Amino acid sequence: MFIRYFFISAISSWFILLSLNQLDFVRWHIFDPEFGIWSAKENLIQKVSGKDVVLILGDSRTSTAFHPLENSKVLNLSIGGATPVEAYFILNRLISNNTHIEKLIISFVPIHFEFSENFLGRAILFNFYLPNEFDDLLNQSSNQALFGNDLISIYSCRYKTPNCYMPYYKTLLTSGYSTKNIAIYQETVSQNGWHLYGENGWNPAAKINKPTEFQNMKRRFIPDSLINNYFDRLLVLAKENKIPITYYILPIEQKSYEAILKEVYINQYFEYIKSKDIDIIYGGGMKIEYVGDGNHYNKAGSDIITKDINKNIINR
Amino acid sequence: MLFNSYEFIFLFMPVVFAGFFIIARKSHQGSIAWLSLASIFFYAYWSIYALPVIVASICVNYWLGLHLSNPGFRYRQPLLVFAITLNLFTLGYFKYANFFIANTNALRNAMGIEPIGSLDVILPIGISFFTFTQIAFLVDSYQDKVKERSFLQYLLFVSFFPHLLAGPVLHHKQMMPQFSDPKTFSIDYEKIKLGIAIFTIGLAKKVIIADSLSGSVDAIFNSSTQNHLLNFWVTWLGALSYTFQLYFDFSGYSDMAVGASLFFGIWLPFNFNSPFKATSIIDFWQRWHMTLTKYVGEYLYAPIALKFMRLGQGKTALIEILYSLVIPTVLIFLILGLWHGANWTYVVFGGMHGLYIVINHLWRMVFPLPNKKNKKMQAYRGIKKIAGWSLTFISVIIANVMFRADSISTACEIYKGMLGLNGFNLIAVRDSFLGLRMLTIILTLSFLIILTMPSIPTMLSISEKNTRTTLKLISPASGIILGIIFIVSIMSLDNKSPFLYFQF
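Chains as they are written, first to last, in my numbering: chain Y, 20 to 335; chain G, 12 to 515.
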């Protein structure tokens with residue numbers, strides 16, 4: 020009897036957990052506010068269907084850099100931890116939605132050309148990819164391990180199996196993230212995709228106490244072949260749709276600048292971007308008072324960059 | 012291969028289990044060979060480089076044991092000395108050589124002499140455990156206490172995978188008879204049920220509780236932690252978290268070892284018996300890592316204490332206490348500390364516990380326990396129990412800081428905080444621990460478990476008089492509860508981490 024009940028209970032629990040994972044409100048509760056941000060961006064893609072926009076694509080640094088406060092046409096669909104893979108799919112979805120993209124501004128930190136740090140933990144976990152996008156990604160990849168993640172883990176998270184979600188269930192013991200998620204979602208949607216991290220953002224614990232994460236001991240800047248492939252496809256897609264592209268190299272905060280290997284993450288990275296034959300604008304340097312944490316700008320930093328972009332790209 | 016991994020639970024265990032009982036139908040020796048091979052594979056899966064060390068150790072010790080138990084052999088005593096020295100030398104070479112070199116170099120540096128280069132050795136996992144196990148076998152062989160002579164049984168006794176990497180420390184008297192008992196080779200469903208229950212409890216202890224505390228512990232004990240954050244509240248919370256992490260990790264491992272072994276019908280000794288219910292430090296060591304305590308008591312403490320006691324005989328009372336209690340106890344605990352690892356922190360940890368035990372014994376000498384029948388003393392007994400429990404618990408937490416810290420200076424930084432020398436700012440607690448609310452929940456849960464739940468050995472020993480408790484453990488209701496706990500634990504395995512005691 021014990022063994023029978025043990026297995027019945029174990030199997031039933033697994034199915035109950037699997038079912039719970041399919042419920043949207045559970046996901047809003049257990050995932051941290053990155054989920055709210057990613058959901059807001061997906062919502063914005065739908066919301067701007069048929070409208071004219073100046074599109075900004077990039078990663079978390081970019082998402083804090085350009086705000087639409089002075090220009091309601093600006094749509095910042097940069098996502099924390101995103102790579103050109105996600106950027107390509109976003110542009111593709113917008114074009115399919117008949118969104119008229121007047122200009123495209125792209126910016127990624129160098130490491131997001133080298134690997135996808137949040138492929139499993141966010142893009143797959145948050146079910147960002149549509150089925151055809153997921154298939155496309157698997158077809159394009161020659162590796163069995165996508166960005167270091169094995170296919171079993173990828174499929175587990177894709178189909179929301181309990182082993183993938185279990186670590187996040189711990190938040191059920193506390194008050195969870197629903198309130199924060201909803202707040203950041205609404206804020207991000209109302210600000211056309213712009214939001215802050217660090218001191219004024221959702222995670223105040225991430226204060227300025229360490230340099231940027233792209234401090235690295237690597238000797239060469241080597242873009243990942245899959246990411247490079249999608250970056251090329253992103254540029255081709257934009258050119259095919261006659262969208263003017265500008266690559267904006269965002270300013271680096273002083274402390275982080277001192278920490279990085281200049282030859283690798285300045286010179287070789289610049290060379291790589293230059294090889295793509297697109298317009299490039301260099302954002303220069305930035306003082307520490309303009310960042311919220313080691314990697315992201317605060318409102319004052321965002322103001323400076325937004326002014327620059329308005330002047331040099333949008334109103335040019 | 013970790014016990015808390017998919018490959019162990021869903022591949023290794025079912026294959027070994029099926030193989031063991033299928034082969035047992037034809038040959039008992041064959042199934043012992045199968046289990047030994049599986050254990051060797053389990054070990055090699057961890058570290059193929061260390062495999063020759065354990066295999067050589069088993070073969071050489073078996074051969075030595077045969078000669079030691081041969082009454083006709085003339086050189087038994089010198090051979091025993093040689094055998095023990097050989098084992099200790101092997102352990103010393105792999106575990107302590109670089110520690111010795113580092114300390115020698117510190118001395119040479121001070122004297123202006125050029126330092127010696129360190130050795131390029133990889134510590135074979137579990138070496139402390141299999142060395143101790145085999146020394147006991149050699150001593151018992153010498154004392155004619157070993158009955159079984161089969162190499163296969165000896166091979167399995169040393170290499171049996173549930174205990175191989177981090178104990179419990181086994182004694183051949185407990186194990187060898189089980190290997191020759193025909194009942195072991197037929198499936199015993201009662202034992203399998205108990206095995207499932209105990210393994211699940213152990214898995215939950217490790218995955219749900221211990222691993223949840225590791226982040227908070229690392230935040231405090233990581234030497235890069237800013238000193239101003241190491242204040243009174245933060246350090247005590249960190250030390251308490253580590254105490255619980257260590258207990259749930261190690262007792263979780265031990266339970267899983269017992270549970271896994273029961274699938275093969277083999278009982279392993281229990282290692283823990285609610286140690287945090289102890290009301291004195293002597294009581295604590297009778298409940299914590301019990302197999303090691305028993306081993307040390309039998310093979311180290313008894314002969315050493317006897318030698319010292321003879322030295323103190325006929326001297327003043329104070330000298331007698333010094334020889335019969337203080338020196339052997341502290342010495343044994345220093346060795347016990349060093350056994351855990353090649354670092355001075357472990358030696359100090361051992362010394363602290365040695366002193367605790369000495370103080371506890373002296374206290375008992377000066378203030379003996381009041382007569383149970385004396386009703387007037389009942390209230391006093393109650394207060395003494397609570398005070399004893401608190402003092403024991405706090406003393407264990409304090410010593411564990413030394414056990415966890417990577418250096419004595421890190422430990423001292425934490426002790427400074429625990430003494431309040433870095434202030435009492437409560438806000439630092441929020442800044443030091445990510446997920447403070449979760450930490451509070453896990454610590455509360457840990458307290459509830461250690462104080463209210465009976466230990467597994469307690470449940471099983473009650474069952475000898477009254478079977479209800481064992482039945483409860485394997486009743487349909489507990490099947491349902493344990494099934495849920497099992498799936499929650501299994502689904503948490505993606506973030507698996509090795510057991511803390513593997514490093515020893």
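Everything labelled a hint here was simulated from the structure, so no lab data went into it.
Remember, it's a predicted structure, so these values are computed and weren't measured experimentally.
Treat the hints with care, since some could be wrong.
[Claimed, not checked] With a cut-off of at most 20 angstroms between alpha-carbon atoms, the simulated SDA-like pairs for lysine to any residue come out as follows:
no.	chain 1	residue 1	chain 2	residue 2
1	Y	Lys92	Y	Asn247
2	Y	Lys189	G	Ser285
3	Y	Lys179	G	Lys202
4	Y	Lys199	G	Leu447
5	G	Lys106	G	Asp151
6	Y	Lys189	G	Lys318
7	Y	Lys189	G	Gly226
8	Y	Lys199	G	Ser285
9	G	Lys483	Y	Arg23
10	G	Lys318	G	Met301
11	Y	Lys189	G	Thr455
12	Y	Lys293	Y	Asn334
13	G	Lys106	G	Tyr357
14	G	Lys202	Y	Tyr24
15	Y	Lys189	G	Phe84
16	G	Lys106	G	Ala117
17	G	Lys156	G	Phe84
18	G	Lys305	G	Asp294
19	Y	Lys179	G	Lys305
20	G	Lys288	G	Tyr391
21	G	Lys202	Y	Asn151
22	Y	Lys189	G	Lys305
23	Y	Lys189	G	Asn116
24	Y	Lys179	Y	Ser209
25	G	Lys305	G	Asp151
26	G	Lys396	G	Ser285
27	G	Lys483	Y	Tyr291
28	G	Lys106	G	Asn116
[Stated by the list, open to error] Simulated restraints on C-beta separations:
no.	chain 1	residue 1	chain 2	residue 2	range
29	Y	Gln273	G	Gly226	27 to 33 angstroms
30	Y	Phe34	G	Gln154	54 to 60 angstroms
31	G	Glu18	Y	Ser209	46 to 52 angstroms
32	Y	Tyr276	G	Leu402	43 to 49 angstroms
33	Y	Phe44	G	Gly103	24 to 30 angstroms
34	G	Met464	Y	Glu282	55 to 61 angstroms
Where is the CB? At the ideal position from N, CA and C, for every residue including glycine.
Going through the hints against the structure:
At most 20 angstroms may separate the alpha-carbon atoms for a hinted pair to count; Lys92(Y) and Asn247(Y) exceed this at roughly 29 angstroms. A hinted pair counts as satisfied when its Cα atoms are at most 20 angstroms apart, and Lys189(Y) with Ser285(G) does not qualify at roughly 26 angstroms. Distance restraint check for Lys179(Y) and Lys202(G): the Cα-Cα separation of roughly 36 angstroms exceeds the 20 angstroms cut-off, and the hinted pair is therefore not satisfied. Distance hint between Lys199(Y) and Leu447(G) is fulfilled; the C-alpha atoms sit about 17 angstroms from each other, no more than 20 angstroms.
For the suggested pair Lys106(G) and Asp151(G), the alpha carbons sit about 25 angstroms apart, so the restraint of at most 20 angstroms is broken. Of the supplied pair hints, the one linking Lys189(Y) and Lys318(G) is violated, its CA atoms being roughly 55 angstroms apart against a limit of 20 angstroms. Taking the CA atoms of Lys189(Y) and Gly226(G), the gap is about 14 angstroms. The hint holds against a cut of 20 angstroms. This hinted pair does not check out: Lys199(Y) and Ser285(G) have alpha carbons roughly 41 angstroms apart, beyond 20 angstroms.
Distance hint between Lys483(G) and Arg23(Y) is fulfilled; the C-alpha atoms sit about 15 angstroms from each other, no more than 20 angstroms. Between Lys318(G) and Met301(G) the alpha-carbon distance is near 24 angstroms, which puts this suggested pair outside the 20 angstroms criterion. For the proposed pair Lys189(Y) and Thr455(G), the alpha carbon gap of about 15 angstroms is at most 20 angstroms, so the pair holds. The hinted pair formed by Lys293(Y) and Asn334(Y) fails the criterion: a straight-line CA distance of about 23 angstroms is larger than 20 angstroms.
With a C-alpha separation of about 13 angstroms, the suggested pair Lys106(G) and Tyr357(G) falls inside the 20 angstroms cut-off, and the hint holds. The straight-line distance between the Cα atoms of Lys202(G) and Tyr24(Y) is roughly 16 angstroms, inside the 20 angstroms bound, and the hint therefore holds. Using a Cα cut-off of 20 angstroms, the hinted pair Lys189(Y) and Phe84(G) is violated, with the two alpha carbons roughly 64 angstroms apart. A hinted pair counts as satisfied when its Cα atoms are at most 20 angstroms apart, and Lys106(G) with Ala117(G) qualifies at roughly 19 angstroms.
Between Lys156(G) and Phe84(G) the alpha-carbon distance is near 16 angstroms, which keeps this suggested pair within the 20 angstroms criterion. Under the criterion of a C-alpha separation no larger than 20 angstroms, the hint pairing Lys305(G) with Asp294(G) is consistent with the structure, at around 13 angstroms. With a CA separation close to 48 angstroms, the supplied pair Lys179(Y) and Lys305(G) exceeds the 20 angstroms bound. With a C-alpha separation of about 19 angstroms, the suggested pair Lys288(G) and Tyr391(G) falls inside the 20 angstroms cut-off, and the hint holds.
Using a Cα cut-off of 20 angstroms, the hinted pair Lys202(G) and Asn151(Y) is violated, with the two alpha carbons roughly 51 angstroms apart. For the given pair, Lys189(Y) sits about 39 angstroms from Lys305(G) by alpha-carbon distance, which is inconsistent with the 20 angstroms threshold. Proposed proximity of Lys189(Y) and Asn116(G) is contradicted: the alpha carbons are some 48 angstroms apart, above 20 angstroms. A C-alpha spacing of about 29 angstroms is found between Lys179(Y) and Ser209(Y), which places the hinted pair above 20 angstroms, so the restraint is violated.
Between Lys305(G) and Asp151(G) the CA atoms are separated by roughly 15 angstroms; this keeps the pair inside 20 angstroms, and the hint holds. Taking the CA atoms of Lys396(G) and Ser285(G), the gap is about 16 angstroms. The hint holds against a cut of 20 angstroms. Under the criterion of a C-alpha separation no larger than 20 angstroms, the hint pairing Lys483(G) with Tyr291(Y) is inconsistent with the structure, at around 67 angstroms. Between Lys106(G) and Asn116(G) the CA atoms are separated by roughly 17 angstroms; this keeps the pair inside 20 angstroms, and the hint holds.
In this structure the supplied range 27 to 33 angstroms holds for Gln273(Y) paired with Gly226(G), their Cβ-Cβ distance being about 31 angstroms. Restraint check, Phe34(Y) to Gln154(G): a C-beta distance of roughly 58 angstroms satisfies the suggested window 54 to 60 angstroms. The hint said 46 to 52 angstroms for the Cβ distance between Glu18(G) and Ser209(Y), and at roughly 48 angstroms that hint holds. The hint said 43 to 49 angstroms for the Cβ distance between Tyr276(Y) and Leu402(G), and at roughly 54 angstroms that hint is violated.
At roughly 60 angstroms, the beta carbons of Phe44(Y) and Gly103(G) sit outside the given window of 24 to 30 angstroms. A C-beta distance of roughly 59 angstroms is found between Met464(G) and Glu282(Y), which places it inside the suggested range of 55 to 61 angstroms.
Consistency with the previously given hints fails for numbers 1, 2, 3, 5, 6, 8, 10, 12, 15, 19, 21, 22, 23, 24, 27, 32, 33, ordered from lowest to highest.
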